[in-house]
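Asker: Whole structure, please, built from the sequences with the hints as guidance.
Residue numbers (the numbering used here), protein chains in the order written: chain A, 1 to 169; chain B, 1001 to 1527.
With a straight-line Cα cutoff of 20 Å, these simulated DMTMM-like cross-link-like pairs (lysine to aspartate or glutamate) come out:
| id | chain 1 | residue 1 | chain 2 | residue 2 |
| --- | --- | --- | --- | --- |
| 1 | B | Lys1143 | B | Glu1079 |
| 2 | A | Lys69 | A | Asp58 |
| 3 | B | Lys1118 | A | Glu44 |
| 4 | B | Lys1117 | A | Glu44 |
| 5 | B | Lys1346 | B | Glu1289 |
| 6 | B | Lys1117 | A | Glu48 |
| 7 | B | Lys1143 | B | Glu1133 |
| 8 | B | Lys1468 | B | Asp1084 |
| 9 | B | Lys1097 | B | Glu1164 |
| 10 | B | Lys1143 | B | Asp1465 |
| 11 | B | Lys1118 | A | Glu48 |
| 12 | B | Lys1117 | B | Glu1130 |
| 13 | B | Lys1117 | B | Glu1141 |
| 14 | B | Lys1468 | B | Glu1146 |
| 15 | B | Lys1346 | B | Asp1483 |
| 16 | B | Lys1068 | B | Glu1503 |
| 17 | B | Lys1117 | B | Asp1107 |
| 18 | B | Lys1068 | B | Glu1222 |
| 19 | B | Lys1117 | A | Glu46 |
| 20 | B | Lys1118 | A | Glu49 |
| 21 | B | Lys1117 | B | Asp1175 |
| 22 | B | Lys1118 | A | Glu46 |
| 23 | B | Lys1143 | B | Glu1130 |
| 24 | B | Lys1118 | B | Glu1180 |
| 25 | B | Lys1176 | A | Glu84 |
| 26 | B | Lys1118 | A | Glu52 |
| 27 | B | Lys1143 | B | Asp1084 |
| 28 | B | Lys1117 | A | Glu49 |
| 29 | B | Lys1118 | B | Asp1174 |
| 30 | B | Lys1176 | B | Asp1107 |
Hint data in this document are derived by calculation from the structure and do not stem from the laboratory.
What follows is the residue order along each chain.
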Amino acid sequence: MIAFLIKRLMHAVLVMFIISLLAFAIQDNLGDPIQQMVGQSVPESEREELRERFGLNDPFLVQYTRFAKNALQGDFGYSYFYREPALDVIARHLPATLELVFASTLIIVVFSVPIGVYSAIKPRSLISRFFMGISIVGISIPVFLTAIVHHAATVYPLNPRGNDGSIAV
Amino acid sequence: MTFKKTLLASVIGATLTGTALLPSIASAETLRIGYSADPETLDIHEQLSGGVLRFSHMAFDPLVRWTKDFEFEPRLATEWEQVDETTMRMTLREGVKFHSGNEFTADDVVWTIERLKKSPDYRGIFEPVESAEAIDDTTVEIKTSEPYPLLLNIATYIFPMDSEFYTGETEDGDDKGEIEKSGDSYASRNLSGTGPFVITDRRQGVRVEFERFEDYWDTETEGNVSRIELTPISENASRVAALLSGDVDFIDAVPPNDLDRVRDADDVNLVEVDGTRIIGFQMNEERVEAFQDARVRQAVDLAINQEGIADRLMRGFANPAGQFSPEGYSGHNPDLTPRYDVERAKELMAEAGYEEGFEIEMIAPNNRYVNDAQIAQAVSNMLARINIDVDLRTMPLAQYWPEYDERESDMAMIGWHADTEDTANFFQYLSFCIDEETGAGQYNYGNYCNEEIDQLVTEADSETDQEKRNEMLREAEAMLYEDVGYITLHWQNLAYAASEGVEIEPVVNALDFPYLGDLVINREDDE
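Answerer: What follows is the structure, given as structure tokens:
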């Protein structure tokens, strides 16, 4: 069991490494960040100064190593959009994510697992067929559609103006 | 806390929030805005962008501001006079208070000008200003290093900040007045201006809420908006849908394809404004020898049907242009109308020895200007008629600017809006001979160079006699028209829309900064 967990953990680390490398490699194609930070009439010398200050002139490897080193120490850099450390932004949205994870886990443990066990034992019973039918429909409908219908039917009438992204207002 | 409790709390919370907020939506003076962008920062000197300038007009007041007809309207400066060639004395409005409660004085103006000169985005515009000095509490003298005729133009960018509020150190020991590009500076999160609105809540990219400033100095205005909720909606279709469904009362940038729909909709009014952004093409003389020949450049201009593009492709949402300056600008020359004559173009090509034509590569953005990619496609087809084969590449903005900076294509599209709302600015950026030292011709893609025109514009820029100066700039426009240093297509219009009763027509302008402090809302269902 422990060996299995360690193996999984290693996989996760490898995947994260590759994703970070890819994300880093394609960012040049998303446009020049300086271009988006300054007005059109700002002279090239000012732009160059900013590029230097943000370390955008350094070679790819230097930039990546800097990022990786900080990330390993828990510093995910700074969000220029929100103007605060990226970790704070993530932390702010984390409760909502966790709420969703807990809620769905709860539904799985309380409903899905017992139903699954029952259906496995008595596959031909009417109840099993009923639930398998529902499962097929559930799997077939794209999640974004389910979400929209659910939102329109339950969340919107209660709170049409939305909230902070957390289920608990 | 157990999950069940959380869930219960959330249901109750959601219900309460929903009902508690519903009545306020119906209240008369609340304006719900759906703009394409929200301000990136609260520090008005950090970024020169449409979003920040619009915000500046909400939370601050400029010394003077533009009217719809490009006249100057006194705001925090009530009078101004040229004392000598390089000095302007301005009298400031009395009894103006900042949001913090501090009194507005000449010291705040001096402080603000000094700060502008430190801002990377504004430093260039305020280069001509040498110093500012407070003579007494309500008089300030602004000195320029050379005679400079556009001081009032740039005074529309001087939104006095509360110097006392922005002076000192934060708890972390940072200077409160510091301008930090995209950083977490004091000024980017804290606000004290003189403007009609104060911010009560703000979440970047989600929503900004304003309330009217109780001690606002302008009590003469009929503006009756007491509360504003600004939601950025960058997607064109969603923005229009939000207005039509009544989720917002006022939107900007109605896309041309939706103009008819919005015009025909009940309870919604469309307001179109003639814009001042010139859209056009530049020919790369470094790469294509033929473009060095004025006859070929004229032929290209003659082959393009500006009227047709404005009429059919833009559906009238643009005014065809034969020069940089739109009507109302100092150098607008009424004689310079768009040319279109394919036969003459062919003759000129033959005269220049290019009867057989040649091949060129063209680049254009596909999400920057209204219908940009389609316009480029139409121009390519028009050029084919004089045997110029165009290999067109269009790309999103993020890739376009780096590509544009490389200057490795033969023809490129660019639009330009003059920060100073003045003719000379177009020349300085788009057609001046490139000079890396001075930054002249920063967006002169084609490396076009006509020293005579440059000299005339430069002289005009230190001519303080407005009449004389206008004459010089009109002449410069005529020379560029003759020499075809830039292919002008049209000035792109602006379109706003608002629900019935929200009287936006008087407060919107070609500058794209609605003066919301003066906005009047007359809803019929008001009690």
